[in-house]
Amino acid sequence: MKTITINGVDHQVDVPDDMPLLWVIRDVVGLTGTKFGCGVATCGACTVHLEGDAVRSCMTPMSRAYGKKVTTIEGLSPDGTHPIQVAWVDDAVPQCGYCQPGQMMTASALLAKTPKPSDEEIRTALTGNICRCGCYQRIEAAVKRAAGIA
Amino acid sequence: MRRAAFLQLTTSMGAGLALGAMLPVALKPARALAAPATDAFSPNVWVHVRTDGTVKVMLSKSEMGQGVYTGLPMMVAEELDVPMDRIVVEMAPAEDAYADLLFTHDLTTGGSTSTPDMWPVLRQAGATARAMLVAAAAKQWGVSPASCTTANGVVTSGTHHATYAELAAIAATLPVPTNVPLKDPAQYTVIGTSPKRLDIDAKVRGTAQFGIDVVLPGMLYANIQKSPTFGGTVVSYDATAAKAVPGVVDVFPVSSGVAVVATNTWAAFQGAQKVKVTWKPGMTKSSKELFAEAEHLARTTTVVTDKRGAANLAVAPGKELGAVYKGPFLAHTPMEPMNTTVWVRPDGVEIWSPTQVQSRTKAIGMQITGMPADKVQVHCTFLGGGFGRRLHPDFVVDAVEVGKHMAGKPVKTMWRREDDVKNDAFRPMAVSVVRAKLDGGTVSGWEHRTAQKSIMRTWAPPLFKDGLDAFAVGSCTPEDYAFPNAATYYSDHPYEVPVGFMRAPGANWNCFVTESFMDELAHAAGADPLAFRLANLGPKATRARAVLQLAAEKANWGHPLAGTTQGLALGWWGGAYSAIVADVALNGSQVIVKRAVIAVDIGRVIHPDIALAQVQGALNYGLAMALTAKITLTNGVVDQNNFYDYTVLRMNQSPEIAVYIVPSTESPAGVGELGVPAIAPAIGNAIFRATGKRVRELPFSDALA
Chain A
25 MKTITINGVD
35 HQVDVPDDMP
45 LLWVIRDVVG
55 LTGTKFGCGV
65 ATCGACTVHL
75 EGDAVRSCMT
85 PMSRAYGKKV
95 TTIEGLSPDG
105 THPIQVAWVD
115 DAVPQCGYCQ
125 PGQMMTASAL
135 LAKTPKPSDE
145 EIRTALTGNI
155 CRCGCYQRIE
165 AAVKRAAGIA
Chain B
22 MRRAAFLQLT
32 TSMGAGLALG
42 AMLPVALKPA
52 RALAAPATDA
62 FSPNVWVHVR
72 TDGTVKVMLS
82 KSEMGQGVYT
92 GLPMMVAEEL
102 DVPMDRIVVE
112 MAPAEDAYAD
122 LLFTHDLTTG
132 GSTSTPDMWP
142 VLRQAGATAR
152 AMLVAAAAKQ
162 WGVSPASCTT
172 ANGVVTSGTH
182 HATYAELAAI
192 AATLPVPTNV
202 PLKDPAQYTV
212 IGTSPKRLDI
222 DAKVRGTAQF
232 GIDVVLPGML
242 YANIQKSPTF
252 GGTVVSYDAT
262 AAKAVPGVVD
272 VFPVSSGVAV
282 VATNTWAAFQ
292 GAQKVKVTWK
302 PGMTKSSKEL
312 FAEAEHLART
322 TTVVTDKRGA
332 ANLAVAPGKE
342 LGAVYKGPFL
352 AHTPMEPMNT
362 TVWVRPDGVE
372 IWSPTQVQSR
382 TKAIGMQITG
392 MPADKVQVHC
402 TFLGGGFGRR
412 LHPDFVVDAV
422 EVGKHMAGKP
432 VKTMWRREDD
442 VKNDAFRPMA
452 VSVVRAKLDG
462 GTVSGWEHRT
472 AQKSIMRTWA
482 PPLFKDGLDA
492 FAVGSCTPED
502 YAFPNAATYY
512 SDHPYEVPVG
522 FMRAPGANWN
532 CFVTESFMDE
542 LAHAAGADPL
552 AFRLANLGPK
562 ATRARAVLQL
572 AAEKANWGHP
582 LAGTTQGLAL
592 GWWGGAYSAI
602 VADVALNGSQ
612 VIVKRAVIAV
622 DIGRVIHPDI
632 ALAQVQGALN
642 YGLAMALTAK
652 ITLTNGVVDQ
662 NNFYDYTVLR
672 MNQSPEIAVY
682 IVPSTESPAG
692 VGELGVPAIA
702 PAIGNAIFRA
712 TGKRVRELPF
722 SDALA
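Heads up: the sequence lines are chains A and B, in that order.
Here this note's numbering = 1-based position in the first sequence + 24.
Here this note's numbering = 1-based position in the second sequence + 21.
Far from chain B, some chain A residues (derived; all Cβ distances over 12 Å):
1. M25
2. T29
3. S87
4. K92
5. I173
Dumping the calculated DMTMM-like pairs for lysine to aspartate or glutamate here, alpha-carbon to alpha-carbon at most 25 Å:
6. B:K204 - B:E187
7. B:K264 - A:D42
8. B:K297 - A:D42
In short, the hints are calculated from the structure, not lab data.
Using N, Cα and C, we set each Cβ at its ideal position, and we do this for glycine too.
Excised from the complex, chain B in its bound form (with noise of 0.2 Å):
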């Protein structure tokens, strides 16, 4: 969505409301840290200068593969100017002193926010730490300030020289200064480099610790048979078989179905395969079903934003096109399935947990267990994947009830692939009606309909305002292009599956729909793709035409490879703009994208090898997204069950990928989520180039069967 709008919903989210969404608990205000021992020098809650030359930096943001491990140490490394071989990360409990100021005001990774909350809080505390180092050499030896330099950990003056470490002691009893300046960008020696990855070695050696990997002595293992519909209940269950299962150590039931407690993981498997339980059924929608309801929602809703010029189609000159386009729910699969491990003693709860919510994890442990907040701790350990999944945090409800029913031992409550490919938080399913008008070259009216569950409504209330998510509505009507008269029409569409955040919500469906009737209406007016989109871009909209065109240069726009056609699609999220041009192959249904070119303009860029990678597999995982994965319901039952049906993209399947990023000195921006969008419309269109045949229903396998 567009950063402007993003800033404003984000701060008109107060402190606690993200918390009090999903559990109306409320952390208590941040308690002062203890330093550890080995911290000789601890300026704010985020540097620790520590005794042995290593610079311990907090991070409160989990590490999902995107990269913050590394990138949001090296704004620190930056202004102490500490080399990154030297920084050692550890997780920040989930207390407020460690709260985001840009999205959620509590501990919550998501959103492309981590970089651009960071980058001014992280800059700021490396300095204040640099700064203070700087007065106590300066004490010490009875000079100016001014006259010490700063590198590699070491503060020099003239012919003196001392360790950060061997100055943190003083360092230490000095007020702290605020607003201390930050470094000219012109000097920078570490941001904009790509030093090696803090959690490569780990992750090599088969070291990291993940959810999952989690041990505790005398731990036990649980997995919990859910309902197959929505919302269904238990009316009664036999657990005879499932007790006779080797390993099986107690059966009971919890708030999503019958929990099986075991010895081990596969035990506990077995064992809950095994209990007998007669459902109340929930929701026993179809899929067909849902789509008639949202597409008749899309046509009548009222409610309105966006709003430009008339904002009335009707009195826009020219020729009048439409067309309907069909998403379906999608799952997010990350490949560490959900788990969390839950202990509940007498003196308190801890929680290990691949979250991407630690506070509303920390708030599920004490809303649960009725423990106040000074005796329930959350680690957040490596996550095996995230994607927006782990925003939604069921498993931690599931694997807390399990841990207090078992209090006084450790669980890990697991949950199988087909737990997790059936009861995701799922991109919502949507139909938009999209309707323009057409004068000669000109998009003169714009009119974009669409009916998507709501994830805002219950995930975090306060963004969900008259009738309006206005996350579910980005990129349905882009601010890049000037259409002088446009409206976007939403409708929530209330039903029992739950919904959730996918990699670059809203914009993952909204862009294939604007990128793809956008070529519909260049192939109407005769006009060229790309020249259609430059023309209708907005005076203002410099990044997005640089984008295009680079992306247009690289890949040779209108010249494909042998065998191919090509589509182009431009792209939006988060104060980030991308272009993709595809080189698409087809054999009968099946689409071979042979290249992908994507240029992205991201602001400045902290680790430019972080943000390639994150750009390519972020244009991979669109690929899975719109070649052949969807979620389908008959009956209220999800069809799908596992990798073997719920199919996504493997390597075969992954084509060439070109990134070119484009030199910025703007703020930099999250970077994660920015190679999803244009993907699915850049191939759709290719495939139109090459058949006539203009697919507005995804995935693309069964579009083309």
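Bound-form chain A, shown alone (with noise of 0.2 Å):
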């Protein structure tokens, strides 16, 4: 048994060490807002913070995350109030919806380091993001609003 903190709450897992945090994240703690979109860390749906940095859980080893804190989109904030999220509604981000907790944990931790981003800044940090849906030009609006940037 090894701890993982995720969401502050500390969880004894006993699970192989190269066992991706995304599937322990799932499939053993139970949260399920975190996605599986493409298991190569190509699509950025299973996008976590991991001691504060924007990380692909697919392809994040066990052995990377145990004793650090991890967080999810269910932990990023109690009630859906993060700036984020309340941009997200407020710009009518999401359509069908399953690659938004992915956008919301990399377009967090963008403003968490880089409070007021350029447009480069954005677009750089969120293309790893795939969005089916085609959502990219209310991210952009809603990334931007949450910042506070006209």
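Since each chain comes alone in its own frame, lean on the hints to assemble the complex.
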């Protein structure tokens, strides 16, 4: 048994060291907000924060996550009021919504480090997150809204 | 495709036909649905006034991003006079009482039919409920119903007031009226506004339940190693290495390959890759061979439709031009990979599925398990994208077979992204041979020949008649163009690769051909592409003309953004119209769309912001289809694997998009597909203007390499 801390809660898990964090979050701990999209870190649907950094949990082995603080969409705010979540509602971003937890985790990590990102910085950060519904215009607008950029 | 043809087609499909197309099973007649205890008054299957003051609306259509979860209940809210924040949505069970009347006569979500299908039904359902609540109030107060008004879920007459919840018990005892008059649209307070989407809070908190998110006690997880070729079968397999993976609990053959069941998804994935399978190969053709076959079929077919005038190019006056266009297979790749969870128990079967075909999902459950209709329950979850992929329930078959083998335990059968890319029901590859006669600035003759595998031949056989799949030829010879002599020739192209509907099916390829070739004709005539189209549109083409002129005006046609050239195209889908002007720059083989201006006419708009989002999103989807995406085969095996080699649109490639919606009081049309058809030809036409090179094969990245 080893300890993994997700959204401030310690979980004792007994899994192989090379098991990806994604599947521990989803299938072992049972938090389903973090999504599986590609399994090879190309789509961003599985993005979580590891010690505040946006990482692709589908390619993050447990050996790199033990003893670290993991934040998932469920832990971004207790009640859906993180500025990114509020902006996502105000700009009516989600369509199917499946990629949005990953989009929001990437965006919130960006704003935590770069509170007033340039257009280029927003695009660079979010180009790793695919949205097949094609919400890109609204995602970009919502990141700017959350950052207070007119 | 054209609305008239579409309606004609769909009415020719009898009830249950769509089911029979996939499996020879028919649902039993609808059962009376018992209302849950909290429903105080249920005048019909759609609307339930509840004791807590909310109104439950049953949703028979899958929510996959297109907004039916909000837009359809708005129709009830409007006629019933309840605010949207008091509407609760529940997914309807796959029972005939909820079957659609326009598309397949069962529970199916596709073809942009949800809004037009439910428009009469849900308004009438809401109006009926309101009339009965008013009648209940009038009876209680001894006043005339005509003296009663309704607003915000309250009936008022003079000094009398009562909430719907208070009136529900009396209303429930009254006879159900028929043909209740509907509101005058001038009085609408909900339809035409953009209330908050009813699913948005769950979707920003990570609590919306997609198929993949279903969690059941003791649930197991499965993955299937599938045949590398289409139609391949398992000769033998060795499960030793798979069984050595920690967490793997069972390995067994199913019809699509070898299934591995484990205690978590990752172990199932690992295990399935480690099964050593000897396959008997299926189809071993390569793309090149299939394209050669298709071109031969397109050139020689005699199956003809949409004939006009002499329907003989030879007798049309003027100069003849011709071209050959080729389009690849495309994969849908919705963000949620295919999955379904099945629990087979002695007392029945439960299926949780992100499906666009609830009724077929149920039929598959019945056929594979042998359970009767009343023992098979389908729970339709949110869909992580659909785009037509989930109209093809191969993933449900997988899951039910696995669930049956593991009877007693709930099992979620998951596909990897690689399984999805390699085993899609692909947008069919196509070869189109177009010829026309140009008489001055007038198209005097038009012949559009195309070979594409028929989707309907297997999906809905009654819609494949005399060698013609009318869905496959939409936009080949658009009604709006006044060609006096025209014909469309079609050939089915039979091969083992599965094909399916992809956002704006038919039009997503044919419109590229038609609108690129119209541009070729304009150039040959020495005419401006806008003026040429306006001159060749018929007198009845008022809606097409209007969107074309609006897009041209808003994009400042003729004055491209710095460093770009402009291209323009019309697009059609399901009785709705679009026109796009794209401002495009080139960087070697890389196409950079700087801006896309799109004007659409979708009839009356239910929720303008959702309509806007759908048009933006569909345009982005169409861009992905055109810029770099392709599925190719080498010796029958799909060459692509995942998003690293099946490349879709990312934020840095997505242009500024300006959407203009033409105000309309026509019946509402679906809006989910309309952003797709015109974007590829608009880009190709812009590229021609910049380079003089006419792109006739997609994707653009290959054509310009």
